[in-house]
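> Below, each chain spelled out in residue letters.
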Amino acid sequence: DIQVTQSPSTLSASVGDRVTITCRASQSINNWLAWYQQKPGKAPKLLIYTASNLESGVPSRFSGSGSGTEFTLTISNLQPDDFATYYCQQYYTYLYTFGQGTKLEIK
Amino acid sequence: EVQLVESGGGLIQPGGSLRLSCAASGFTLSSYVMNWVRQAPGKGLEWVSYISGSASTIHYSDSVKGRFTISRDNAKNSLSLQMNSLRAEDTAVYFCVREDYGLDVWGQGTRVTVSS
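For the protein sequence lines, the chains are D and C, in the order given. Counting in my numbering, the first sequence runs from 764 upward without gaps. Counting in my numbering, the second sequence runs from 1069 upward without gaps.
Calculated from the structure, these hints are not laboratory results. A hint or two may mislead.
Stated by the list, open to error - Cross-link-like lysine-lysine pairs, in silico, DSSO-like; alpha carbons within 27 Å at most:
{"id": "1", "chain 1": "D", "residue 1": "K866", "chain 2": "C", "residue 2": "K1111"}
{"id": "2", "chain 1": "C", "residue 1": "K1111", "chain 2": "D", "residue 2": "K870"}
{"id": "3", "chain 1": "D", "residue 1": "K802", "chain 2": "C", "residue 2": "K1111"}
{"id": "4", "chain 1": "D", "residue 1": "K866", "chain 2": "D", "residue 2": "K808"}
{"id": "5", "chain 1": "D", "residue 1": "K870", "chain 2": "D", "residue 2": "K802"}
{"id": "6", "chain 1": "D", "residue 1": "K808", "chain 2": "C", "residue 2": "K1111"}
{"id": "7", "chain 1": "C", "residue 1": "K1111", "chain 2": "D", "residue 2": "K805"}
{"id": "8", "chain 1": "D", "residue 1": "K866", "chain 2": "D", "residue 2": "K805"}
{"id": "9", "chain 1": "C", "residue 1": "K1133", "chain 2": "C", "residue 2": "K1144"}
{"id": "10", "chain 1": "D", "residue 1": "K870", "chain 2": "D", "residue 2": "K805"}
{"id": "11", "chain 1": "D", "residue 1": "K808", "chain 2": "D", "residue 2": "K870"}
{"id": "12", "chain 1": "D", "residue 1": "K802", "chain 2": "C", "residue 2": "K1144"}
{"id": "13", "chain 1": "C", "residue 1": "K1111", "chain 2": "C", "residue 2": "K1133"}
{"id": "14", "chain 1": "D", "residue 1": "K802", "chain 2": "D", "residue 2": "K866"}
Generate coordinates for the entire structure from the input sequences, incorporating the hints supplied.
In structure tokens, the structure reads:
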């Protein structure tokens, strides 16, 4: 199985900051990686697919990059609505795996 | 409006069975791969199962293989997850999820609690 390691597990930041979350795969997954945002008590929301493609309706302050085994999610100009938990997910193989999650907190 | 609505969750004793259902609306179900993803209380997301549009390809996570069965009825716009031999560690919110590029449409989830 492909393991996906996400870091950091928690991140403290302020409104207006730029933050980066990293996801590393245990083997190459080409660009078959997605990023999700989840708020408490809600279903996850797709932000980025195939590593760098912005889902329709997602603000352009969200961006994704990377290929192979290392990927990043960057959020520029943090807004109050962005404080949530973020997950990466590989879908290179059918045993899909998620990262452990990054909780983005207000500093 | 594209929507997925899960039902069938509840409290069940260890070793018992439960069948989850997911009603799809606003899109043609047969055109999409569907998945079940779960989230244990206070924990992260765990992929559970995958079914192709025609049901010709099915996959399960190792943690549920042999106990859970995914199925779909495209004519009725529905997806199901039959869960047998339930264990305490199956306690979670179960999400029905459409797959396009990534997991793009999620239901609100249905809670399953396995406890005596």
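> Can you give the numbers of the hints that this structure goes against, from lowest to highest?
12
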